[in-house]
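Listed below are the residues making up each chain.
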Amino acid sequence: MTTRREFLVLACGAFATPVEAQLDPNRAALRQAAFQEALRKVTGDAPVNRGRVKLDLPPLIDNGNAVPLSVAVESPMTPADHVKAIYVFTEKNPQPNIIGVHLGPRAGRAHIATRARIADTGTVIAIAQMSDGSFWSDSVPVVVTLSACLEEGLI
Amino acid sequence: MVRVVVNLPAAAKRGEIIEIKTLAAHPMETGFRSTQLGEPIPRDIISLFVCTYNGEEIFRAELHPAIAANPLIAFTTVASESGRIEFKWTGDNGYVATQSAAITVV
Numbered sequence: 845m846t847t848r849r850e851f852l853v854l855a856c857g858a859f860a861t862p863v864e865a866q867l868d869p870n871r872a873a874l875r876q877a878a879f880q881e882a883l884r885k886v887t888g889d890a891p892v893n894r895g896r897v898k899l900d901l902p903p904l905i906d907n908g909n910a911v912p913l914s915v916a917v918e919s920p921m922t923p924a925d926h927v928k929a930i931y932v933f934t935e936k937n938p939q940p941n942i943i944g945v946h947l948g949p950r951a952g953r954a955h956i957a958t959r960a961r962i963a964d965t966g967t968v969i970a971i972a973q974m975s976d977g978s979f980w981s982d983s984v985p986v987v988v989t990l991s992a993c994l995e996e997g998l999i
Numbered sequence: 666m667v668r669v670v671v672n673l674p675a676a677a678k679r680g681e682i683i684e685i686k687t688l689a690a691h692p693m694e695t696g697f698r699s700t701q702l703g704e705p706i707p708r709d710i711i712s713l714f715v716c717t718y719n720g721e722e723i724f725r726a727e728l729h730p731a732i733a734a735n736p737l738i739a740f741t742t743v744a745s746e747s748g749r750i751e752f753k754w755t756g757d758n759g760y761v762a763t764q765s766a767a768i769t770v771v
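The listed protein sequences correspond, in order, to chains A and B. Its first residue numbered 845, the first sequence is counted upward by one per residue in this note's numbering. Its first residue numbered 666, the second sequence is counted upward by one per residue in this note's numbering.
Careful: at least some of the hints might be erroneous.
Unchecked claim - Chain B residues, not near chain A, derived (Cβ > 12 Å throughout):
(1) V667
(2) R668
(3) V669
(4) A675
(5) N758
(6) S765
(7) V771
As the list claims (entries may be wrong) - As a list, the in silico DSSO-like pairs of lysine-lysine whose alpha-carbon atoms are at most 27 Å apart:
(8) A:K928 to B:K686
(9) B:K686 to A:K898
(10) A:K898 to A:K936
(11) A:K928 to B:K678
(12) A:K928 to B:K753
(13) A:K885 to A:K898
(14) A:K885 to A:K928
In case anyone wonders, no lab produced these hints; they're calculated from the structure. Keep in mind that this is a model prediction, so the values were computed, not measured. By construction, the Cβ of each residue, glycine as well, lies at the ideal position given by its N, Cα and C atoms.
Construct all of the structure, not just a fragment, from the sequences and the given hints.
The structure is reproduced here in structure tokens:
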């Protein structure tokens, strides 16, 4: 006959969750650190100015799996003064990078468009590197209703 | 099967800025998802896109898992001379796709 005490001990053992099933409590902090690291990799220690860049994406995102976004940079796009690169990052994805593009005076206009996956409500930031080495940025806060990357594969 | 589409004007005035839109059919599997049995699905993405105009590189993009499936890339270039604009996508598992388009500059 199982005593009440034995039953409780067995029950606790049965319902204990395996360690690997638990989420890392520091996940948010780790992602923030990865985000800062990704920004540093692009800009080094150079200061990033606000302005000249216009990041356009919807402020309220119904479906994070395909978010249309475009980046336009004010620049004459001459051989002497042009945009060398544009990078887009998001704060809450498992990896912060979205896209990095390299262009030059032959682009005529510094304007790109693509579609991104955004995992969670947070900030999206675009950084442009000019031919003189300066960095300019724009950031947009977005609200995501249906997150990307959460659904299971159908394989 | 590799399927890509590019959209650009067939003719342009010299010095005109033209918009080029490209689309590649690709699942862009992030590597962060798992099957219903809990096995991780390996990453399978297009990681690099390069556009050349008569052999000279005019645009290059590094893509990450945060780009949506069937990656769309739109950019601009100055129509400087008649010739061919070539596009190349490369990615995981040996994925390579190429496409080219002719442009007449008047």
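Hints and how they fare:
1. V667: 20 Å, holds
2. R668: 17 Å, holds
3. V669: 15 Å, holds
4. A675: Since the minimum Cβ distance to chain A is about 18 Å, A675 (chain B) lies beyond 12 Å and the statement holds.
5. N758: 15 Å, holds
6. S765: 17 Å, holds
7. V771: 17 Å, holds
8. A:K928 to B:K686: Answer holds: K928 (chain A) to K686 (chain B) is near 20 Å, not above 27 Å.
9. B:K686 to A:K898: 20 Å, holds
10. A:K898 to A:K936: Given pair K898 (chain A), K936 (chain A) holds - Cα atoms ~21 Å apart, limit 27 Å.
11. A:K928 to B:K678: 25 Å, holds
12. A:K928 to B:K753: Cα-Cα ~20 Å, so holds.
13. A:K885 to A:K898: 22 Å, holds
14. A:K885 to A:K928: 16 Å, holds
Of the numbered hints listed earlier, not one is contradicted by the structure.
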